[in-house]
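Novice: Residue numbers (this note's numbering), protein chains in the order written: chain A, 1 to 413; chain B, 1 to 413.
Because the hints were derived from the structure by calculation, they are not lab data. Some hints here could point you the wrong way.
As the list claims (entries may be wrong) - Taking beta-carbon pairs under 10 Å as the criterion, some of the chain B residues facing chain A (in silico):
#1 G12
#2 A25
#3 A29
#4 E30
#5 E33
#6 F89
#7 G92
#8 F96
#9 T100
#10 R221
#11 L231
#12 F235
#13 V239
#14 L242
#15 G275
To be verified - Here are the computed lysine-lysine pairs in the DSSO-like style, where the Cα-Cα straight-line distance is at most 27 Å:
#16 A:K208 to A:K268
#17 A:K268 to B:K268
#18 B:K268 to A:K84
#19 B:K84 to B:K208
#20 A:K93 to A:K208
#21 B:K268 to B:K93
#22 B:K208 to B:K93
#23 B:K84 to A:K268
#24 A:K208 to A:K84
Unchecked claim - To spell it out: a stretch of chain A is covered by chain B in this simulated footprint if at least three of its residues, at any positions, have a beta carbon under 8 Å from a beta carbon of chain B; those stretches are:
#25 28-36
#26 65-72
#27 114-124
#28 149-159
#29 265-272
#30 371-382
Bear in mind the structure is a predicted one, so any value in this text is a computation, not a measurement. C-beta atoms are modelled at their ideal positions from N, C-alpha and C, and glycine is treated no differently.
There are 2 protein chains.
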Amino acid sequence: MPVVIAASVEHGEVLLALFIIIASAKVMAEIFERLRQPAVVGEILAGVVIGPSVLGWVQPSELIAIIAEVGVIFLLFMVGLETKPQDIFRVGKRAFLVGTLGVAFPFVAGYAIASFWGGSFVEAMFIGAALVATSVGITARVLASMGLLDRETSRIILGAAVIDDVLGLIILSVVSAVGTGGVDFGALAWTAGLAVLFTVIVGLFGSKLMTSLAPGITSLRMSKPFFNIGLILCFGLSVMSLYFGVAAIIGAFLAGMALAEATEENHKMHQLTNGVTEFLVPFFLVNIGMQLNLSVFRDASVVALALIVTLLAVVTKFIGGGLGAWGMTRREMAQVGVGMIPRGEVGVVVAQIGLGLAAISQQFFAAVLFMAVATTLIAPPLIKLCFAEDKDRDGIPDPMTEEDVSDDFARIG
Amino acid sequence: MPVVIAASVEHGEVLLALFIIIASAKVMAEIFERLRQPAVVGEILAGVVIGPSVLGWVQPSELIAIIAEVGVIFLLFMVGLETKPQDIFRVGKRAFLVGTLGVAFPFVAGYAIASFWGGSFVEAMFIGAALVATSVGITARVLASMGLLDRETSRIILGAAVIDDVLGLIILSVVSAVGTGGVDFGALAWTAGLAVLFTVIVGLFGSKLMTSLAPGITSLRMSKPFFNIGLILCFGLSVMSLYFGVAAIIGAFLAGMALAEATEENHKMHQLTNGVTEFLVPFFLVNIGMQLNLSVFRDASVVALALIVTLLAVVTKFIGGGLGAWGMTRREMAQVGVGMIPRGEVGVVVAQIGLGLAAISQQFFAAVLFMAVATTLIAPPLIKLCFAEDKDRDGIPDPMTEEDVSDDFARIG
Chain A
1 MPVVIAASVE HGEVLLALFI IIASAKVMAE IFERLRQPAV VGEILAGVVI GPSVLGWVQP
61 SELIAIIAEV GVIFLLFMVG LETKPQDIFR VGKRAFLVGT LGVAFPFVAG YAIASFWGGS
121 FVEAMFIGAA LVATSVGITA RVLASMGLLD RETSRIILGA AVIDDVLGLI ILSVVSAVGT
181 GGVDFGALAW TAGLAVLFTV IVGLFGSKLM TSLAPGITSL RMSKPFFNIG LILCFGLSVM
241 SLYFGVAAII GAFLAGMALA EATEENHKMH QLTNGVTEFL VPFFLVNIGM QLNLSVFRDA
301 SVVALALIVT LLAVVTKFIG GGLGAWGMTR REMAQVGVGM IPRGEVGVVV AQIGLGLAAI
361 SQQFFAAVLF MAVATTLIAP PLIKLCFAED KDRDGIPDPM TEEDVSDDFA RIG
Chain B
1 MPVVIAASVE HGEVLLALFI IIASAKVMAE IFERLRQPAV VGEILAGVVI GPSVLGWVQP
61 SELIAIIAEV GVIFLLFMVG LETKPQDIFR VGKRAFLVGT LGVAFPFVAG YAIASFWGGS
121 FVEAMFIGAA LVATSVGITA RVLASMGLLD RETSRIILGA AVIDDVLGLI ILSVVSAVGT
181 GGVDFGALAW TAGLAVLFTV IVGLFGSKLM TSLAPGITSL RMSKPFFNIG LILCFGLSVM
241 SLYFGVAAII GAFLAGMALA EATEENHKMH QLTNGVTEFL VPFFLVNIGM QLNLSVFRDA
301 SVVALALIVT LLAVVTKFIG GGLGAWGMTR REMAQVGVGM IPRGEVGVVV AQIGLGLAAI
361 SQQFFAAVLF MAVATTLIAP PLIKLCFAED KDRDGIPDPM TEEDVSDDFA RIG
């Protein structure tokens, strides 16, 4: 039948999957908002429900993974647009400490538990590495929807996420080298140096460059020049950062930050970006949920390992990150600590590499996968709790729906 | 190297392709704006340049085709948001005539030239069918960027595009049935009836339903409720329309139209949609350009055939569509005629089906492919020319950049 042919040519199956993802994410977001729980948790759980673990309506795929990646790229780009470079530089020292301790504690804990559980040296190194990287997307989404991106602690978290990513790269390089044979310290230093150099140069000079280019951008004839130049910069720096060894979202964040001053008053450009983010971020969240493999729970020892790894991941990141904020109030230390908890896809990537090198076993892989999803589900309510107190103290009325707040956020943007 | 692994896990190659597409599209758009030519033509040509025909930097792929499809879905959704149902119903009779004559003339011409060129009966039927379907996306993009979607002729074109699509479905069904064996008129009537019924019911009652649901949508707790409900409706109706045998973009257009009244004053919702459209439409345009196969020009007889088919496609659609607007002024008839010229991907799909059934030869396929891209390149300057006169008469100053106009468009939205 031509109808069937047309549907397949027009990607009927794919459009159906996109529809299911958006609709389920938004239904769950609505339910969670009404329960006064973070919408992100609802959207991740939507992924668990429609994914292979429960209903099996949508299977994880390369396409959805790519849309999810573009979604988190836009999210960090938008967060960057709200963040001026000096906001990060001002908290630079503290962010460095938070990033470093927040990496050290989970690495040691991961190494220890894997060794204790009978893992080899290489296996323990990989599990340590898999516990390291914070997935800042989840925290950024929650803070943005609460309108709290301009808090000092929010900026410390963002800055620490950049440090965290660079350190994660170095650790992953070392661990992979150990896994494949030997460590070439010269090559390692070169890789790490390039990553740091790229991040620092773009962070330092990007904003000045874009601010000086702003009049030129205004005089372009293309429609929506700032938005379109922003798109080009966002994707350009995302790709560059990958090839310099940093995550694509760091490049997107740097791109946003480079444009933060030049587009500060450009409400329209922020609103246009906001539209893309709002459309794509559910794919990022649902895709995390779809990774969860509930069949793990058939094996009691894997359940125990998964729960212990998750507990360690939460506690060590909270303590490491929180200690990095030493000297601030206890509440602020807690805010920074919980903000670093979500691991998301990065830990999974590390574990996948370990699996690919036959360096880690299936049970450790299952445990890391569980930890990655579980930390993204545990963190948002904690973030909301730790930051909500703040809102009260500032006299912001409590029964404020996220819609109002995110409207404010859009308006400030 | 872990860096390379990370880049592949994070889809470095894909992100690079997306970057090249956006950057080249926007550079060409800027150049064409400065030459006072339509930006869409520049963006389609960007696809020709970066595609396999010239530089070969980006290859057409399933992924890019899907992003392109989602792009044109958003474009028609946004056009729908600017179009109230009664705007279309008011011009219904005329749109019906434009759609019908605009289908009949190219079909007869395509059948005739293919027969004359030595094609079999089935081959000639397929070429006729391939010349039928208007790709309304191109026209919609040009009219939207000129801020002219509210013209009577624009509405006739949009209405005729819906009729055109349903007629195209019926013709494709008949032709495919002829190609595979015999025509089952019962099944055909059923398919056509369903398609018409779906379109009419959604067109008639969608707007009333959404307007009555609007207070409920306002009271939702999720962030940006109208935008998100709009997304769900847009993808839901796109998928449904495919399974009822109509193109996905018709469903998206109907979804937008259903929300047009309820969101008339909702500037923010329109702006958010606009952001997604602005991001994704370049993929739609570049993807058209990438389909062009310039190696066709090595064979003189194929060149001749391609040029004749293109000429016939332009002239018969112009005359057929224009005659359908009989009774209006000559300028208006010309506006309607040129608005229907672009064929885009639909003719290619028909030709692909013919190729799949071994019903048409490679040279006819090459000619249809050339025609599909060429008509999208020829139409925009003609549209601009035919509608520009109008702007002068209304006393709108001439040296108006598209940026200003599309800003107006955004503001009206």
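Novice: Each hint should be assessed against the structure and marked as holding or not.
Specialist: Verification of the hints:
Annotation: G12 (chain B) was flagged as interfacial toward chain A, and the flag holds, the nearest CB pair being 5 Å apart, inside 10 Å. Because the smallest distance between the Cβ of A25 (chain B) and any Cβ of chain A comes to about 9 Å, under 10 Å, the interface hint for this residue holds. For the restraint placing A29 (chain B) at the interface with chain A, the shortest Cβ-Cβ distance is roughly 5 Å, inside the 10 Å limit, so the hint holds. Because the closest C-beta pair between E30 (chain B) and chain A is about 5 Å apart, less than 10 Å, the hint holds.
For E33 (chain B), the suggested interface contact is upheld, since its CB lies about 4 Å from the closest CB of chain A, less than 10 Å. Using the Cβ-Cβ criterion of 10 Å, the hint placing F89 (chain B) at the interface with chain A is not satisfied: the shortest such distance is roughly 27 Å. Against a cut-off of 10 Å between C-beta atoms, the interface hint on G92 (chain B) is violated, since the closest Cβ of chain A lies about 25 Å away. The criterion of a C-beta within 10 Å of any C-beta in chain A is not met by F96 (chain B), whose closest approach is roughly 22 Å, and the hint is violated.
Annotation: interface hint on T100 (chain B) violated; nearest CB of chain A at approximately 20 Å, more than 10 Å. This hint holds: R221 (chain B) has a C-beta 4 Å from the nearest C-beta of chain A, less than the 10 Å allowed. A distance limit of 10 Å between C-beta atoms decides the matter here; for L231 (chain B) the minimum to chain A is near 5 Å, and the interface restraint holds. Because the smallest distance between the Cβ of F235 (chain B) and any Cβ of chain A comes to about 4 Å, under 10 Å, the interface hint for this residue holds.
Checking V239 (chain B) against chain A: minimum C-beta separation of about 5 Å stays under 10 Å; hint holds. A cut of 10 Å between beta carbons decides the hint on L242 (chain B): the least distance to chain A is about 5 Å, and the hint holds. Proximity of G275 (chain B) to chain A holds as hinted, the smallest CB-CB distance being about 3 Å (cut-off 10 Å). With a C-alpha separation of about 22 Å, the suggested pair K208 (chain A) and K268 (chain A) falls inside the 27 Å cut-off, and the hint holds.
With a CA separation close to 10 Å, the supplied pair K268 (chain A) and K268 (chain B) stays within the 27 Å bound. For the suggested pair K268 (chain B) and K84 (chain A), the alpha carbons sit about 25 Å apart, so the restraint of at most 27 Å is met. Our distance criterion of 27 Å between C-alpha atoms is met by K84 (chain B) and K208 (chain B), whose separation comes to about 11 Å. For the suggested pair K93 (chain A) and K208 (chain A), the alpha carbons sit about 22 Å apart, so the restraint of at most 27 Å is met.
With a C-alpha separation of about 34 Å, the suggested pairing of K268 (chain B) with K93 (chain B) is violated against the 27 Å cut-off. Only pairs whose Cα atoms come within 27 Å are accepted, and K208 (chain B) paired with K93 (chain B) is accepted, the gap being roughly 22 Å. As the CA atoms of K84 (chain B) and K268 (chain A) are separated by approximately 25 Å, the hinted pair is consistent with the 27 Å bound. Of the pairs offered as hints, the one joining K208 (chain A) and K84 (chain A) holds, with about 11 Å between alpha carbons and a cut-off of 27 Å not exceeded.
Evaluation of the coverage hint for the segment 28-36 of chain A: fulfilled, as 4 residues show C-beta separations to chain B shorter than 8 Å, against a requirement of three. For the segment 65-72 of chain A, the stated coverage by chain B is satisfied: 4 residues place a CB nearer than 8 Å to a CB of that chain, which reaches the threshold of 3. Beta-carbon proximity to chain B at under 8 Å applies to 0 residues in the segment 114-124 of chain A; the threshold of 3 is not reached and the given coverage is violated. Note: the segment 149-159 of chain A has 0 residues with beta-carbon separation from chain B under 8 Å; the three-residue rule is not met and the coverage is violated.
With 3 residues having a beta carbon nearer than 8 Å to a beta carbon of chain B, the segment 265-272 of chain A meets the requirement of three or more and the stated coverage holds. Only when three residues or more bring their CB closer than 8 Å to a CB of chain B does the claim for the segment 371-382 of chain A stand; here the count is 0, and the claim is violated.
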